[in-house]
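K.L.:
Residues per chain are reported as follows:
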Amino acid sequence: MSWLRKLGDTSLTTYTVLFFAFIYLPIAIIVIYSFNSDPVNMMRWSGFTFDWYKQIFGFSNASSEAALYIESTEQLLAAIRNSLTVAAFTTTIATVIGTATALAIYRYNFFGKRFYRTLMFAPMLMPDIVLGIALLIFFVGVGMPLGIGSIIIGHCTFLISYVFIVVSARLAGMDRTLENASADLGANEWTTFRRVVLPQVMPGVIGGALLAFIISMDDLVITYFISGVGTQTLPLFIFGMLRRGIKPEVNAIAVMMLLFSFTVAALGLYFRSRRR
Amino acid sequence: MRESIIRLEGATKRFPLPEGGTITALDAIDLDVARNEFLTLLGPSGCGKTTLLHVISGFVQLDQGKILIDGDDMGTTPPHKRPVNTVFQNYALFPHMSVGDNVGYSLDIAHVGKAERVKRVGEALDLVGLGGYAARMPRQLSGGQQQRVALARAIIARPKLLLLDEPLSALDRNLRQAMQIELKNLQAELGISFIFVTHDQEEALTMSNRVAVLNGGVIQQIDTPRNTYNYPANAFVASFVGASNLFDGEVRRDGDKIVITTPENDTVEAVLRDERSLNGGGKLTAMLRPEQFSLSGTGGADNCAEIDVTVDQIVFIGSTYELLGKTAGGRQINALLSASHQTRIGEIEQSGKARLSYDPAAVHLIPADDAGAAQ
Ligand SMILES: Nc1ncnc2c1ncn2[C@@H]1O[C@H](COP(=O)(O)OP(=O)(O)O)[C@@H](O)[C@H]1O
Ligand SMILES: [Mg+2]
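Residue numbers (our numbering), protein chains in the order written: chain A, 3 to 278; chain B, 5 to 379.
In case anyone wonders, no lab produced these hints; they're calculated from the structure. It is possible that part of the hints are untrue.
Said to hold, decoys possible - To give an idea of the chain B side of the interface with chain A (calculated C-beta under 7 Å), a few residues:
id : residue
1  : A96
2  : H100
3  : S110
These numbers come from a predicted model, not from an experiment. Every residue, glycine too, gets a C-beta built ideally from N, C-alpha and C.
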């Protein structure tokens with residue numbers, strides 16, 4: 003029956019290769035074609051170039067006017083700036099509130115605690131479109147102008163949940179007798195929190211913050227509803243570009259976003275692996 | 005004069021049960037531990053040992069009663085202000101700190117200077133045999149080593165009283181015995197009072213100045229290890245501390261001897277030392293330790309009493325044989341017989357019957373009230 007086993011082995015190997023190819027090939031193609039010099043047909047390889055990278059940052063105008071696709075580098079840079087601003091504020095606010103909530107629910111017993119915990123999960127399960135529309139109605143209803151501020155608030159509403167869940171998971175694995183040990187050795191509650199609880203939840207807090215940052219940078223649907231007319235984030239900008247046809251620069255932008263995400267994720271993994 | 009380091013008066017603690025009602029974890033506990041004393045709390049799981057330690061360290065508030073540490077009423081004093089340190093059952097080492105930082109934690113809290121801190125951490129680690137381990141992380145240590153770190157961390161601030169909650173239960177047998185001796189030496193060296201919790205009666209007997217036997221939140225007996233073993237106050241202590249053969253029954257006087265007749269008509273002879281233990285003539289429980297039996301006709305005192313048993317099993321232990329059998333009345337008997345009577349043991353195994361003798365003067369009598377109360 004050795005041929006049967008061989009067949010099984012072969013098909014398993016084939017399946018594995020196909021599986022990973024399915025996941026990573028499109029990404030690899032984007033990376034490769036971001037260096038393709040053909041300005042018209044993106045899928046036809048006609049030589050290696052850094053032009054698209056130079057072009058999106060306005061360093062060169064080598065291609066013909068017809069191929070010129072980003073009307074202004076300023077627009078792109080403004081979108082990136084907006085995205086970073088939103089992500090920075092959102093991450094800070096969501097991390098502080100999410101962590102504080104997780105700690106409070108871990109530490110204290112109060113009426114309605116379980117209901118409160120469930121409530122914290124809800125925004126994660128809500129469809130993006132529903133959340134986007136709800137937020138839009140809310141902002142218009144209270145008369146808040148749409149822009150960076152509304153995007154930050156909107157992102158916070160669901161990112162607090164993400165941070166809360168990551169930090170709660172970390173707290174759930176924590177040994178409560180450690181707090182007793184600290185008190186037993188003479189530390190008051192604040193010192194115990196600072197020297198025993200906080201260092202142990204820190205990997206969770208950092209992980210939650212990085213997650214919040216990436217999701218905020220990446221969010222399209224909710225942001226689409228609540229950004230108003232004047233403000234564009236990077237995902238909105240790229241989405242806008244695509245509506246006018248796929249041009250080579252989009253590959254370069256995608257590769258850079260990919261690099262950025264990888265860096266953030268690698269940082270996250272690094273902090274998780276430390277202090278275990 | 006005996007100087008009291010900790011005193012509990014009528015300490016009572018109840019916990020609510022999830023299904024309603026309450027459980028009394030501590031029931032009017034009176035306890036007095038002297039300076040430099042090694043007291044062991046011995047009792048089965050769930051009898052309230054940890055709760056009692058938590059009451060002393062301040063993690064549990066009493067419902068009733070008083071607790072005085074070195075003469076000061078602790079009342080609602082929070083744990084971090086009590087001059088007491090604990091070695092926790094699971095060690096509770098801070099996983100994100102090195103061994104040195106774990107041990108030096110209480111010195112940091114007390115703002116001890118850097119040079120002094122380094123010196124004292126070194127001394128404490130030397131004391132527990134872990135000199136040179138300061139830079140390691142707890143997870144890099146074996147269970148026994150973690151246990152020593154927990155010990156060093158708890159004694160470095162020289163508390164008035166050290167509480168140890170089953171600190172040796174997670175160690176293997178050899179390590180446990182080595183640590184028992186080390187702990188005992190350490191306690192003598194430091195001059196700190198120890199309250200040591202265990203459910204292992206052998207551990208309790210070998211280590212302590214006094215043993216407090218706890219059951220169902222009630223202290224059954226506080227006494228020296230020898231007295232606890234030889235003169236248990238009630239049937240619970242008799243059967244929890246060491247193996248025992250108990251005969252409860254009616255007492256009849258027979259000259260200077262007395263005879264106890266169980267409801268199944270087994271009889272045990274004893275010598276009455278204290279008229280009061282007769283309790284006005286009612287009932288008594290006689291206790292015989294397994295090693296108090298010997299085979300009839302293998303020597304021993306002339307005035308021995310005898311009892312016939314049917315043999316269920318004879319187990320070879322090494323230096324002794326353990327005989328498991330039943331009396332004529334059907335009561336379980338557990339006897340340790342000297343291994344020097346090989347041939348007799350062989351005969352007994354063949355016949356399935358044995359005649360055991362014991363010294364009536366060595367039979368310990370337990371008043372019926374207490375025996376009943378504990379069951
Ligand atoms: N926080 C608590 N809430 C409710 N019941 C408790 C609590 N702590 C202990 N108990 C109960 O009190 C009794 C004594 O517990 P404990 O002191 O931990 O026993 P031991 O340490 O001797 O095993 C047990 O029946 C236990 O279930
Ligand atoms: Mg316990």
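K.L.:
Run every hint past the structure and note whether it holds.
P.N.:
Verification of the supplied hints:
Of the supplied interface hints, the one on A96 (chain B) holds, with its beta-carbon coming within about 4 Å of a beta-carbon of chain A, less than 7 Å. Checking H100 (chain B) against chain A: minimum C-beta separation of about 5 Å stays under 7 Å; hint holds. Annotation: S110 (chain B) was flagged as interfacial toward chain A, and the flag holds, the nearest CB pair being 4 Å apart, inside 7 Å.
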